[in-house]
Amino acid sequence: MNFSALNIILIGIAGLLGVGFYGLLITRNLIKVVMMLQILIKAVVLALVFAGKVSGNLGLGQSTAATVIVADTIVAVVGLALAVQVRRRFGTLDVPQISTLKG
Amino acid sequence: MAGSLILLIIGIPWLGALLVWAIGDQNAKAQHTLAVIFSLLSGIASLILLAFVDSRPALNLTLAPAFGNLTFVPDGLAVTLTVIATVIGSLAVLFSVDYMRGEAQLGRYYFMVLFFIGAMAGLVLSGNLLFTFFFWEITALCSYGLISFYNDDPKAVAGGIKALIITQVGGVGLLAGTLIAYANLGSFQISDVLANAVAIPAGALSFMAFSFLIAAAAKSAQFPFHTWLPDAMEAPTPISALIHAATMVNAGIYLLARFYPAFESVPNWRTAVILVGVISALITAFMALTATDLKRALAYSTVSQLGYMVYAIGAGGVLASQFHLLSHAVFKALLFLTAGSVIHAVGTRDMRRMGGLSAKMPFARNVFIIGALALTGLPILNGFWSKELILEVGLEGSPLWAYILMLIGAGLTAFYTFRMTWLVFFGTQREELHVHETGMAMKISLALLSIGSFTTWLFFGGLNKLLSTTMPFHGIEEESTLEMVKAISFAPATWFALLAVILALTLFFTLGRKLALSESPGWLNTVTESSFGFESVNHFFVNMISKFAESLRITQTGELNWNILGIIGALFFVLAMLLWGGA
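If you're matching them up, the sequences are chains A and B in order.
Going by our numbering, the letters in the first sequence line up with residues 171 to 273, in that order.
Going by our numbering, the letters in the second sequence line up with residues 1171 to 1753, in that order.
Chain A with its partners taken away, still in its complex shape (with noise of 0.2 angstroms):
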């Protein structure tokens, strides 16, 4: 087995997707929940830049992956600032008990 460059990100690139994964099936917490899916998104800015060098597309993949750290930035954001709202407003961040109450 060659561990080129290329195979160790791809490597990183699974193992960012399994930590989310994984991190979103055990978390009850709001704010847990948002770090799982920046890491997930994570994944994927590194699948496009690893995806602009296979492909010799270098500068597209780059500059996809720099409007998604944009996206992202403020999908951060804006989770973050719910779960603000909601722990003020509901006493918890547990996902499964916020999800039944009523706002």
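Honestly, the hints are just simulated from the structure, not real lab data.
Hints are not guaranteed to be accurate.
Said to hold, decoys possible - Quick list of in silico lysine-lysine cross-link-like pairs, DSS-like style, CA-CA up to 30 angstroms: (1) 1325/B <-> 1717/B; (2) 1332/B <-> 212/A; (3) 1613/B <-> 1635/B; (4) 1717/B <-> 212/A; (5) 1325/B <-> 202/A; (6) 1332/B <-> 202/A; (7) 1613/B <-> 1530/B; (8) 1717/B <-> 202/A; (9) 1332/B <-> 1717/B; (10) 1613/B <-> 1199/B.
As the list claims (entries may be wrong) - The following residues of chain B were derived to be distant from chain A, with all beta-carbon distances above 10 angstroms: (11) 1172; (12) 1189; (13) 1441; (14) 1535; (15) 1598; (16) 1659; (17) 1705.
As the list claims (entries may be wrong) - Part of the chain A face toward chain B, derived, beta carbon under 10 angstroms: (18) 178; (19) 183; (20) 185.
Ideal Cβ placement from N, Cα and C applies to all residues, glycine included.
Take the given structure of chain A and dock chain B to it, following the hints.
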């Protein structure tokens, strides 16, 4: 010209969505007015687009080379579906003015509706598969938001999430098929895929064909994904009429019709499509027989009629399926909206509590009967011509057993439609309900739709011309309305179908009227209430995943020692890999 019209059709509702949301819920009256104006404008623009039908892209926007150009192709199929989405959409919005009066959070409601109408037009007009997928997902999102509109009701929230998850399965299918096409052809353009389908290796093409079938079945609530549509009836009724009867569920049929020429020769694909159609049409017809909730009964009949369209595509009748799609969109929107006005008036959806409403709601009764007769498939109404056309195509293009099952389905349709009408409007009044007549805005849209139920079959020639002249890959023959009428009137298929309908109606009027109210046999109830066991399949998957997640939770101890052990382990793993790789 056509290019700017397309931009208007998609852009006007989206602009309206932002405006309605921005002016705030305290100006409810302005929100109603704006929503109606913007949806009507979009409807008018799409009617004008009918004059600019073309098989070439009308709009070609350059994007990054890897995604291909964003094209919009106003061909016959796309424009027909755009007209259905925007015109029936604007009638549903008009209906909402009365139905949603006094509701809170109208901004959210109209935002989702208008956003949906624009996305639906984009979905069918887009000539780029990647963007078809984007619009496809937007419609799923809006559908979720509207099913869960009454977010205080746990049933509505659960129904919305169920619809979202199941249509996401379809989304994955569409994306997988799209990527297969790109990997083999290097293009996302639908026209390239249709033209070069033979260049795709057989295995990949059949994978693509079946993943598109999964996408279509999930979106159109076909077997085995039919369980989400009845639960989606928790949405406000205009939404059920617009999204879950007239537009979004047609997206699956559109996908199958669009790619039929490419997948036609894939082994077993057509048989699979016929099977999906027949099974969906039959089992949901049975479920409609025992339903007691008016909207659920209509939802089952929607799945059943969509099954007829899927069956027609499997039998090779793309034109027949689109013709029935047009008829169905009109009469089902009429039935749903009338049901909405009844529900609005009496305040319950349970048909066992209605009955004898005929005298109190004469207008609603008249239009409901028109819709019911069209659904039954009795002559002169649009449902008759399109259903007969499907059965005629089926007799030629599908195995005989499928045709016979569909005939039985037609009989069942007649039976449950009359049962429904009888339970709501006729018979004895079973409960003292406070009733008020239908509002003005409601009446206008109902009247227009019932005129449509009488007349849309006259557009058959026009529809045929649109499809045959602008769809080079489908090879649809030209036929005028008159020729179609002649062919159907003398076809044996028609007489068999009418016989089945008349048989069912005789059965209903001799036995069924008494049976309608009495409890249906226990075994039938149990089977239909569990969606023929598919509800438990859903539960099985959900339970499996949540159990798996629960069992994983013990691995998250939160103890610092374990965490540091994990970090060091990972570090060693990476170092070992680097060393090994460097050697």
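| said: To test your reading of the hints: which numbers does this structure violate? | reply: 3 and 19
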